[in-house]
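Chains as they are written, first to last, in the UniProt record's numbering: chain A, 1 to 366; chain B, 1 to 366; chain C, 1 to 366; chain D, 1 to 366.
Where hints are given, some of them may not hold.
All copies of an identical chain are treated as equivalent in the list; a pair is satisfied when it fits inside any one copy or across any two copies.
[As the list claims (entries may be wrong)] Pairs of lysine-lysine residues, derived as DSSO-like cross-links and limited to a Cα-Cα distance of at most 27 Å, are as follows: (1) Lys-300 with Lys-169; (2) Lys-169 with Lys-5; (3) Lys-5 with Lys-141; (4) Lys-145 with Lys-264; (5) Lys-3 with Lys-352; (6) Lys-283 with Lys-169.
Keep in mind that the hints were calculated from the coordinates and are not lab data.
Number of protein chains: 4
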Amino acid sequence: MSKVKAITTDAPTGGVVFGDFELPDPEHYSAKLKTIYSGICGTDRGMVAGSLSFAYNPEGYRQMVLGHEGLAQVLEIEKNNFGIKPGDYVVPIVRRPGKCVNCRMGRMDNCTDGNKHEAGVTGMHGFMRGYFYDTPENLVKVQDKGMFDVAVLAEPLKNVEKAFEVFDKVSERSIFFNDYGTYEDKKAVVIGTGSEAFLFSFFAKDYGFDTVLTNRHPIPDLKKGMVDMIGAEFYDYTMDMDKIAEGGIDLLIDTSGHPGTIFKFARKLNNNGIAILFGTNGKAPPTGVDGSDIDYIIEKNITLLGSVDGARNHYFMALEHLRKWRYVYGDRMKEFITKKISPSDIDIFTNKPENEIKTVIDWSRV
Amino acid sequence: MSKVKAITTDAPTGGVVFGDFELPDPEHYSAKLKTIYSGICGTDRGMVAGSLSFAYNPEGYRQMVLGHEGLAQVLEIEKNNFGIKPGDYVVPIVRRPGKCVNCRMGRMDNCTDGNKHEAGVTGMHGFMRGYFYDTPENLVKVQDKGMFDVAVLAEPLKNVEKAFEVFDKVSERSIFFNDYGTYEDKKAVVIGTGSEAFLFSFFAKDYGFDTVLTNRHPIPDLKKGMVDMIGAEFYDYTMDMDKIAEGGIDLLIDTSGHPGTIFKFARKLNNNGIAILFGTNGKAPPTGVDGSDIDYIIEKNITLLGSVDGARNHYFMALEHLRKWRYVYGDRMKEFITKKISPSDIDIFTNKPENEIKTVIDWSRV
Amino acid sequence: MSKVKAITTDAPTGGVVFGDFELPDPEHYSAKLKTIYSGICGTDRGMVAGSLSFAYNPEGYRQMVLGHEGLAQVLEIEKNNFGIKPGDYVVPIVRRPGKCVNCRMGRMDNCTDGNKHEAGVTGMHGFMRGYFYDTPENLVKVQDKGMFDVAVLAEPLKNVEKAFEVFDKVSERSIFFNDYGTYEDKKAVVIGTGSEAFLFSFFAKDYGFDTVLTNRHPIPDLKKGMVDMIGAEFYDYTMDMDKIAEGGIDLLIDTSGHPGTIFKFARKLNNNGIAILFGTNGKAPPTGVDGSDIDYIIEKNITLLGSVDGARNHYFMALEHLRKWRYVYGDRMKEFITKKISPSDIDIFTNKPENEIKTVIDWSRV
Amino acid sequence: MSKVKAITTDAPTGGVVFGDFELPDPEHYSAKLKTIYSGICGTDRGMVAGSLSFAYNPEGYRQMVLGHEGLAQVLEIEKNNFGIKPGDYVVPIVRRPGKCVNCRMGRMDNCTDGNKHEAGVTGMHGFMRGYFYDTPENLVKVQDKGMFDVAVLAEPLKNVEKAFEVFDKVSERSIFFNDYGTYEDKKAVVIGTGSEAFLFSFFAKDYGFDTVLTNRHPIPDLKKGMVDMIGAEFYDYTMDMDKIAEGGIDLLIDTSGHPGTIFKFARKLNNNGIAILFGTNGKAPPTGVDGSDIDYIIEKNITLLGSVDGARNHYFMALEHLRKWRYVYGDRMKEFITKKISPSDIDIFTNKPENEIKTVIDWSRV
């Protein structure tokens, strides 16, 4: 047994502790890693608040190390097919496969039987600790130094990569493109203005969509600046629904998890329109869906699709996209990280900073 | 101008008349057809009742000839690429293309801008008349004599063909198959027990699904016999929800258009599950959809897809499937046509016969 | 150890023996089957002739039981998810999975690393024996009695099902359909007039293709009658190349394995044309392929695809297709089986009957 | 009529002239553009040499303006859906649609009937002139200033984008990925070391492939440096075939058009391997393809696919990729442009500079 500095919770009861946590030393291991950054997201806060009933501690443990978004440096690693060497920076994969047909082909994000685990969430210790052990196939290499300050976004971005993979497939059910085979005059509307909403917007914009972010309130200047930077638009839907819906919506992306909002916008989808449901908010109140809503979905050949998680290739592609954006947008990409804190600042789990896009724990400040 | 025996309505106001209807004689035409059978479906009844607000008369007309399900015989036809000759039996296509990118490639079922027309429904005279004129690309040849008594089902079946085409595409978003690459132990649940529900069930069964039909009441013996014939099962969901949902649902097909029922069953979908929304009932009351429903759709990678209409290839494939079923199930396939009536029996539009699967107008009885 | 009547060879050396063969009795087994029919194909004859260098005996054996095409009856079987019960007729699957990513998902036909086995061909005893043991996931149920006389064709047909699955996928690289979204005026040319060529032709015709079979000699009346039955055409390409190539070829299917013939026809492919390479003839002489051939393939966006074997779902679908054809074409489908012989008639492996489509061993004549 | 400085040829006879060329002034036009750069490729040289028999002058002309690779600046433009304004830099699209089903949906790269035109190649004046007129849907906007020096590569890169789109589709015929759902230990081999070969290599590397470029001779330091920059490898296949083929090839990309080389490498493809045929060399000598080659393609489920041209979306994506590479690789991306010349330096069409990757005409030097 060894002691490691770690941030732990008791799932699904909640609570959060920073301190020495005792973990067994593996007899054999294929990779040892030092944690560099940990990102904090709504799931972490939900677990600390005790509101995520699906979370559970690893077998035999009364605490679970938190943390699923991260960047780590390789201390030791065995020879591997992924070109990862000691000293490299890597992003660890969150979800670990079970034995179903999807997991067996590396697509644990599409796990059929639910017997997968997620680091820091369901039955497996997370990455909010000084160091950890892992295997090469669960580590994705960061290509160059310029990205270390944004690579922690690879984990949230991998969800977007997977969602767009599903969009690519589903949109083949008809010709979704315009008359010239592009998305250039198609409209994507992203509900929400958090980190996932922005990553979805970056993506939609790269595809060529006229991209609109929306929320039920105005956004601070930092976020407005980021909207401008990528050439998107923002509207407060309580004020400007008409502008958002003008010409109809072709691709709707929800990061709010709020049924009332989702269906308000779904009723603006064009023929062959697609809605990606991504944001979850289990406690959101019900909205009424009636016969005419179902009619609308049918008569217009509309698809609503839920998408969760992402697999190794999505992390890989996320890092490629971050690489591009890091260079194209320059230091402004760093504005995504709105705050860096020390591991001991566990207040962060109960007090979300105003205007947060992404708060990151810097493990060098331990 | 010529007079033709026809069944007309005034869309969207409603009403129904049988009698001589005056239509201009075309100067040139590429095909002249004699109507053999016309099928009657809920859309026809909805138009007669005046409850389908989207229906409208052809430009310049105060009446519209009803009828979109049909079988006709070719009286005259120009040389064509589809091998259709005088004397052949054909099924006419309902929806006619506009100018959008989907219509331009023969996929008016996926019309982007809504500028298509539908025979007997939206701005175009239907097939409930003694004879009509058309063009070869809108006629699909019936392959053999044995099918004349069921070919009228090609029109409703083409919707099922298209819906399964969409299912095939969408299900590629993950491995939907079992461990052995088949659907054999996957469960399909079809909500409804009308003609479309049965056609969906025939299809699901051919795919290999364990297939369950369900409704909120028991079904008559004729229908029960048909369920047995294809090796499916039926359960009244007000009594046996547990049996229906045992092991979860992989493919849900709704023909009811009832949101409360749809979401009741959607909550039983397995991971990667797909729901095909097909049945419309614009006046169905609302059901509450809350945050946990959205959560469920996301965490399980679920897809809900609306599917309407079908294109030429779906008619073509529908006839191939009917051909198979006509032979495999023998004369029992004829039980699908629960009643044949004369064109003058227009009561049928306001009084649905008990235990109807499909009522057909026989134009030889004019 | 038990003795079973079997037809064996010594792979890859060759030879053929009918007689008692000694095999160990399994301690536990999940299914015991009685062989009803065995089909004979070119691979069997190639093994007997000693010309298939890739064939090998099962580990520890100096002989291998031949036979990969078959129909069997279940004597005993454990409870299973495929609805197979004692007394049922089944088709056993030929190829058995290794551990690669394709095999792990039931797609051993796409085996990545080559570590699969094939009954009666590579390292696994085949089905030309009185009885054998197997597991339910390797057995595919025959749906009804009417098919027992043609079900032995499921094995060769499953190859066609898989090849068309690949065609379906590959043809999505562009719009392969005509202006109306069908294959109705597209031309498929099938090189060869053996059993696989006919099964491909049945399939192409069902898709709607104008279908032409061709060979370098005329065909006997029985085969000509079958061509007419399905509405296809036959031309001797040494005489009527112009008629075959008129309007160009959209889908080329080769069952000859002869490079000179393949490229002769490939040069007639239309834009976006696809060639399915299926027939193998390892000893066929070379043909010259030059820069202009490569140019042609590129400028016309042509795809040449090899396709081998098929998986469980292809057997399943093959049986569905045979069921249809058995009924639609009636007893004429039985003409596919040109000869039934006794297991002791091992001459059949060295003397191919004139005008053979498919010769079948009837194990009731043992 | 107006005179414009232009580089012309007489297709298909050949020859090249720089000087004033008389063209009619359009009565109405939607965009007027000033040429900034023109790229020179093998097709231009082939036309000048008179070796491309498929090239032809615009109707009514005895000369054709050369040039299909280009960057232009918008002088005037009507309001459009693509966000293009006066002053913007754009890449003009080469191929212009005919009326076939693929052209009608903006996919003239997949033209079914061959009735398309290509600027500077088949029946349409090219972009090697001081200014030209065009329409917005044929112009693709360059996103930022940093790219002006490499945007001329968008035209050759769009071919690579399209080829990989086809690869993405075709590779779905089986699981092409490794056990973890990525390409990371899959091998791509690119035959050739010209500009297209490099663009393919950049792309393969971004996908995660172990990427090898090869040729029949060593390459100069500049090219070797570029290979190293992207983390690929180069081997002279006359010396190191073993190293290239070690572990087999998963994706083969040919830019040579040389059949002997193509089949030499095709015989090293792994199961489910894919060969993209891209390079054309109509005069390349024949190679012998025999029965065992066809066998190999079949038994291994191999696909050989020709791919030509690309559509609007491929230009769009090409610019996105160039944007990324321009920033990630910095000024080294400029090394792709090995020479900039004046329009009057028409020697370039008959004398290819040693070590050329891409030579570009700078129209400011007119």
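Tested hints:
| no. | hint | in the structure |
| --- | --- | --- |
| 1 | Lys-300 with Lys-169 | both (18 Å within a copy, 17 Å between copies) |
| 2 | Lys-169 with Lys-5 | neither (43 Å within a copy, 47 Å between copies) |
| 3 | Lys-5 with Lys-141 | within (24 Å within a copy, 51 Å between copies) |
| 4 | Lys-145 with Lys-264 | neither (44 Å within a copy, 40 Å between copies) |
| 5 | Lys-3 with Lys-352 | neither (29 Å within a copy, 67 Å between copies) |
| 6 | Lys-283 with Lys-169 | neither (31 Å within a copy, 33 Å between copies) |
Hints 2, 4, 5 and 6 from the earlier list are contradicted by this structure; the remaining hints agree with it.
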